[in-house]
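Colleague: Here's the letter readout for the chains.
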Amino acid sequence: MADFLQTYGFLIATMLQAGLLGLSLYFPLQAGQLSLASPGFYALGGYVAAIMLTNPAFAGLRDTLGSAIFPLTWLAGAVLGGLLGVVVGVPALRLRGIYLALATIAFVEILRVVALNLTITGGAVGIFGIPQAFGFQDRWPYIFLFGPLLALTLLFAWQLERSRVGRALRAIREDELAADAMGVPPTRYKVLAFVIGAVLAGLVGAMSAPFLNTWNAKQGTFDASITILAAVLIGGSRNIWGPVVGGALLGAVPEVLRFLADWRLVINGLVLVVASLYLPQGIVGALSRLSRPRPPQRPPVQGPPVSVAEVKP
Amino acid sequence: MELSQLLQNLLNGLAIGSVYAIFALGYTLVFSILGIINFAHGAVFTLGAYFTYTLVVGEFSNNGLLRGLTLFPNGSPFSGQPLTFALATLLGAALAGLVAVLIERLAFRPMRSRSADPLLALVSSLGVALVIVNLIQLLVGAEIYSFPDNAYGDTPPALSFTLGGKVVIIRTVQVIIFAVSLVMLAVLGYVIGRTKIGKALRAVAENPGTASLLGISVDRFIVITFFLSGFVGGLAGTLVGTAFGVAGPYFGVTYGLKELAVIVLGGLGSIPGAVLGGLVIGLAEAFVPADYSAYKDAAAFALLFAILLVRPQGLLGRSAIQKV
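Top line first, the protein sequences correspond to chains R and G.
FYI, the numbering for the first sequence is 1 to 313, going by the working numbering.
FYI, the numbering for the second sequence is 1001 to 1324, going by the working numbering.
So here's chain R without its partners, still in its complex pose (with noise of 0.2 Å):
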């Protein structure tokens, strides 16, 4: 077991973590936002919690605390994440669609400018030596951290559905006129979605700072926005699981491929392309189809999707 643990444990918890990082973008698509705000919210926590692990400024309170810093730092970065998510989302949920996207894509280039060229964040070098969680001394009991954080977001998001708010957010996403008239307010309760997403976004990144032991830009980028996505569609965006297992797939997908060294990125490019030829309802979507009788078949549509189409001026 050990053996395994030393063998594997890193990547196991390195798909947890990416499982976490999808479901928040997840939430946010509950509503029918598509937003990529998720990798400013996690680079933000992380660098909230790689400040106050390694900035003199702290050592005061770090002495003090002793371990019982990780937790504050875990605290500080999810209700940052969250005030941040409600300044952003109070204006950018006004947009819709593609627009959503790219103002949120904007939101997150802005972040790692700003990021990059600030002294507290380390410049372009970013912050390093960050001290391992509770003195771990090794990378897999991290697991011990995602986990049970996955677990608890799943179970939140399961009775999330279940409930009122859930029902309202579904309603949006089916419809948001229609929602709107019957008295779903739905800019509250799409910033509602947004904020919940945007909370475990710095949640994550707080607890990710220690186990990628150094943070720098390069953690919130229009590139980590689209791992990120197309682990939720790959995975499935209308289920609690997809994100999880897009997440742990494609988390595991650069470690496994680690063998084909410079090749991998290329692989995971046509990872990319073949899945969303191949996969369109995502992995747990094409699985409960499996599993399910087939419901009687539409003729598709011809052309793009009215949705889409529609955005045209």
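There is no bait here: all hints are sound.
Selected chain R positions facing chain G (Cβ under 8 Å, derived; list incomplete):
1. LEU34
2. PHE222
3. PRO280
Bear in mind the hints are in silico, worked out from the structure with no lab data behind them.
The C-beta atom is built at its ideal place from N, Cα and C for all residues, glycine as well.
Using the hints provided, position chain G relative to the given structure of chain R.
Modeller: Just chain G now, kept in the frame of chain R:
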């Protein structure tokens, strides 16, 4: 700001902004026809610069793979001539156009025939971008290449004069870039606005179903669109490469992202919008004060974020009612 500085910034901004404009046209053409954003466009931009570089210089220092592939080997009467470089630029752009067609064939057409979620097209195009960028890195190396200084021959600055005691310089490259972009815009504007092909393209953009009922081969026009898109994208790659003198595998990634700001700023799917957006962002960047030049890359995104909040449809876009 002094008048001379103002003028210099204005000219620099117009030169780079005009390249942004033609690059953005590639995105806009594809978006107006397919309703998707082709994220591989930035990679096509990089490829354009690399193709031209290969045709002119003919080898990459660390790698013998492409050695000797130069269009005009040393010693031939054409080598080192400005015209050579112009020809290589056009050929490079055409090759980039062919790659764009290939991308359409492999990554978009199979998806279209299944009328899949447009989000998946986004992921698939990103996958393609990842493949291209990393293939470049594997085949010719990760280092950054410089275009030859004398790409257009040994030319003095096109214009330099003193204004209020300061020198204002317009480099020849800037003039060439601006001129090429203007010509490209005029040609595209003519093709789309006045010719039969353009009419068919607009019909496909408006409604592919009806267009195909009217006897327009939708697939063929999508291929044409992708070729045009790749051509202008590749051309922009070479032009930016010459303006700043360098190209690396990740060269197009930053510009590709910035172009998203350009097209949304102008109005998604609007061709005059893409031009206006390009110029606005080019100028905005040129006017970022030198003390804050590190934040230059954020200027486009800050502008994008601001404009989205005030006018989500962009400067020249029509507002559209959209069901989420």
